[in-house]
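S.K.: Chains as they are written, first to last, in my numbering: chain A, 1 to 501; chain B, 1 to 446.
Hints in this document: simulated from the structure, not taken from any laboratory.
Take these hints with a grain of salt, some might be off.
As the list claims (entries may be wrong) - Computed far set for chain A versus chain B, every beta-carbon distance over 10 Å:
id, residue
1, 16
2, 37
3, 47
4, 57
5, 64
6, 94
7, 95
8, 119
9, 235
10, 242
11, 387
12, 396
13, 423
14, 490
15, 495
Stated by the list, open to error - Derived contacts from chain A toward chain B, CB cut-off under 8 Å, selection only:
id, residue
16, 49
17, 50
18, 55
19, 58
20, 63
21, 70
22, 72
23, 86
24, 90
25, 144
26, 190
27, 194
28, 198
29, 492
Glycine included, C-beta positions come from ideal geometry on N, C-alpha and C.
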Amino acid sequence: MNTWNELVQVALLGTEKGRFSLETLPESIQQALAQTNPQDREGFFLQAAALTHQYERAGRQAPVLESPGVPLAEAEEKAVAPTEAVRILKTLLDQQPLNPVLLGLLLQKLAQKDWIVPPAWLVSLLNIGLDSVQEALIPVQGKRGEWLRNFYEPWKAKASEASWEEGKTSERKQVLTTLRKQNPTAARKRLEQAWPELNARERKDFLDVLFLDLSPADEPFLRQVQQELKGNKPIQQETRQLLIRLLATLPDSPERRLVQQEMRKYVVREKKLLGLVSADPKLVLPETEDAFFSMERFHQHWGFAAQPTDSYQYQSLIEYWFTEALVLVDPRVWKEELKTDWPGVVNFFTVEKAKADRSYARYVSLMEASVRFRVPELFAILAKAHIPYPGLTSFTMEEWEKIFTIVPFRELSMQRSELLTAPWSAKLSKHILRESFELVRNSHVYLEFVRQASAYWYPLSDAEMDALRPSDTPSYYQSGEEKLIILLKEILQLRQRIEAL
Amino acid sequence: MNSITEEQVVSLAPDAASLKAGKALAVENKWLTLAFNDRVLWGEVQGSGKDPYRTQIDLGQMASKCSCPSRKFPCKHGLGLLLLFAKPSPAFQSPPEEPAWVSEWMDKRQTKAEKAAEPVVASPATDEQKEKDRQKRQQERLRKVQGGVTELGQWLRDMVRTGTLNVPERGYRHFDQTAARMVDAQATGLANAVKAFNTIPYAGSDWQSQVLEQCTRLFVWTEAFKNLDSLPIPVQEDIKTALGWSRSAKDLDAEGEVVTDDWLVLGRLTREEERITVQQNWLWGHQTNRIALVLNFAYQNAGIETPLVPGTSSRAELRFFPSAFPFRAIVGNHSGYSNLDTPPPAFANWLKAEAFLNQIWLAQPWADQIPLWIQTVSLVRVGDQWLLRDTENRVVPLSEEFYEMKIFHLLALGGGNPLTLSVRYSDGTVYPLGIWLDDQYQLLPS
């Protein structure tokens, strides 16, 4: 125990109980204490402690440590981003909330130019916990960034390969989805390779990804899966349903041809007197199984239930199967067969005098078919009637423009992320901005969508944006509009600066 | 001062909320006008009111004024304007004439500064009376402080007699009551030192040692005060300052050492202490190689107006408080800003830095938080602890307050290579303030 620690022990016990030995103190302190009255125990102790504290402090020498230091970062091979790029980076990092889209655009631009971010900004960038930013950072982090990641576990770059190999099912699905968007063939090959190792749930989840950019090139794999699929457990039945939906979506597949041909047969035009055919077609479904609606096909091969899943919605097993099969038919077939417009198609499938739910189930199937077969007009009509749909759409921006002529953008709030796939035209941008002015009156959360769409807005001029702003907004709603227009102008300005680098 | 950087502006922010709001305002299209000339920067920004707020910055003194209701200096508009200026934004105009609202404020400031520089002319009779009154007040205070010192001396003795084992259980009130009596005795320095017992981390493993250290500090001050008359004058001043005597700028005009230099603000720390904002600025003089501490205070949310800008050199006079180790100072005449463009004379290793510290402690044993330059030090990690190692393999740990993200930032800047740093030394640890890199001084996040 050193001298100071001994004094600390005495202090803890108190001078009434604790004693310290004068001899243990350094000689110079002993000499200094010689002038102090030892009878004043507390004063003597405090004097000794004060002297010892100063003595040890002044005599302190930094200890020697021979252990290895941190390894040196390798020298950079690429040039550091120029001043203007760094200015934009600073501006983006200062923004609250952060705009990861613009940041991603900037990092991509730096990568294109073969520049790296200056070391002073690495920590801020590495601390952004968004996969999209981290992925964009890797090519521009330089040797310094690569080296720095090793010091902190959360920064260690998790390559998408590692996520695919080791991640949770949801992470793996995300990796596969990203790859499918970038390279559909590579994604399918990856799935094919992994298939033998996947469990039944993973197989079903991952197969769903193939809906994105589905093409005839995927058919052999789907056939193989179909052939190998054994057992009748619920998960296997769900996989069968998925397979038939995928196969029926493939252009010119036997399943597609079969379903379209057979389903049309249930549209009946009654013959009137003199052999004239009624102008009003009717849907006439068989009361029991027939050649098409058979247990073998719908239950055993395609995985649909052997009983109606909901007795309230479906009055018979055939009605249930028909509703499921409706998803497998390109809605254009109905338009052609019924010789009507899109509202006419919707009307045709409305169950007259039925409880609303029965029509609803058919509408949901039609909605799904409108998405799978990309029929924007039908989608818009059903969306206007608030019919939900599963999964993501793959409408083009032109098709969205058509949809917005029927249903307001604000009523499609669930599908906003689907707009973030390609640049918007001036018309589409103006439409969305006009509606956004109305939306921000009630909630500023819509500003987040404006931010998310940073990469897609058409470069409208300030005057064009100002002209779209409503002139009759009451003053208490104006702050949202003000925020929106400032935000959008700032986004477009920064995007222009990024593009100009 | 057209070379202000965004990092420097950030360091001027009175608090995080103001900085966040200021950053949000650093966007050109939020400003109706943006302009500057050699002496002043101004802009108009639409706020929540009908009329736009008028914001102006005196570039020579880094003082700001805004027509918004905020009492902070700079307010969020001032910070936004400065951040835009630092970017720099091309939206700034340089009109041939200042608007009236700008020139009026600047002229007023100039007149005020000139008036303050004028010597005060008073009649000898008035001076004599004032001196008499001052001495009377001093005597009265000395009497009160003596009472406080005697009481505290007994309190200390009681503490070490009964033992410090139960100090953690005594609670805030025990120390606050004693501190309050020291305030009554006009010994605010002693009061603060007693309150410091409440800030010791009693959950840690080192509190026993820290309690005794604090006792010894109080003991030294109380004993020294008892022997005040027998001590050298500078030491007397140090004791009085430690006990809570304050000095006005006017006192320092007469007695303080004046040192004119280009003073680099190595770093700044702002903290709240019982509704008082305390701002510490550590300075280093380019020519004199002197170090200084400039303290600024503000009550509650009132802003602190100071020309000092962290990371920037101020061409200024510093008036040092009389002391055996003249360290604390106030800013006198401030004539502009400059940038450090030559490497600082940093200590070559820790032993040399420690020798310098020993010289300081020889003059004033309780001196703490000393800024110094150290060169060619590298970061080393031992377990969870990070240290700075010199070329002789001697290591000094980084302060626990210099948390991990700051260390990573330092690593990012240096890439593992030896660094030249300005650090604040305290109790065997160092807190890096800034780095000499690429031929310039760069502040580290505080």
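S.K.: All hints are to be evaluated individually against the structure, with a verdict given for each.
M.R.: Here is what the structure says about each hint:
{"no.": "1", "hint": "16", "in the structure": "violated, 6 Å"}
{"no.": "2", "hint": "37", "in the structure": "holds, 13 Å"}
{"no.": "3", "hint": "47", "in the structure": "violated, 7 Å"}
{"no.": "4", "hint": "57", "in the structure": "violated, 7 Å"}
{"no.": "5", "hint": "64", "in the structure": "violated, 5 Å"}
{"no.": "6", "hint": "94", "in the structure": "violated, 4 Å"}
{"no.": "7", "hint": "95", "in the structure": "violated, 8 Å"}
{"no.": "8", "hint": "119", "in the structure": "violated, 4 Å"}
{"no.": "9", "hint": "235", "in the structure": "holds, 45 Å"}
{"no.": "10", "hint": "242", "in the structure": "holds, 46 Å"}
{"no.": "11", "hint": "387", "in the structure": "holds, 41 Å"}
{"no.": "12", "hint": "396", "in the structure": "holds, 33 Å"}
{"no.": "13", "hint": "423", "in the structure": "holds, 23 Å"}
{"no.": "14", "hint": "490", "in the structure": "violated, 6 Å"}
{"no.": "15", "hint": "495", "in the structure": "holds, 14 Å"}
{"no.": "16", "hint": "49", "in the structure": "holds, 5 Å"}
{"no.": "17", "hint": "50", "in the structure": "holds, 4 Å"}
{"no.": "18", "hint": "55", "in the structure": "violated, 10 Å"}
{"no.": "19", "hint": "58", "in the structure": "holds, 5 Å"}
{"no.": "20", "hint": "63", "in the structure": "holds, 6 Å"}
{"no.": "21", "hint": "70", "in the structure": "holds, 5 Å"}
{"no.": "22", "hint": "72", "in the structure": "holds, 4 Å"}
{"no.": "23", "hint": "86", "in the structure": "violated, 10 Å"}
{"no.": "24", "hint": "90", "in the structure": "holds, 6 Å"}
{"no.": "25", "hint": "144", "in the structure": "holds, 5 Å"}
{"no.": "26", "hint": "190", "in the structure": "violated, 35 Å"}
{"no.": "27", "hint": "194", "in the structure": "violated, 36 Å"}
{"no.": "28", "hint": "198", "in the structure": "violated, 39 Å"}
{"no.": "29", "hint": "492", "in the structure": "violated, 11 Å"}
The structure fails to meet hints 1, 3, 4, 5, 6, 7, 8, 14, 18, 23, 26, 27, 28, 29 from the earlier list, while all remaining hints are met.
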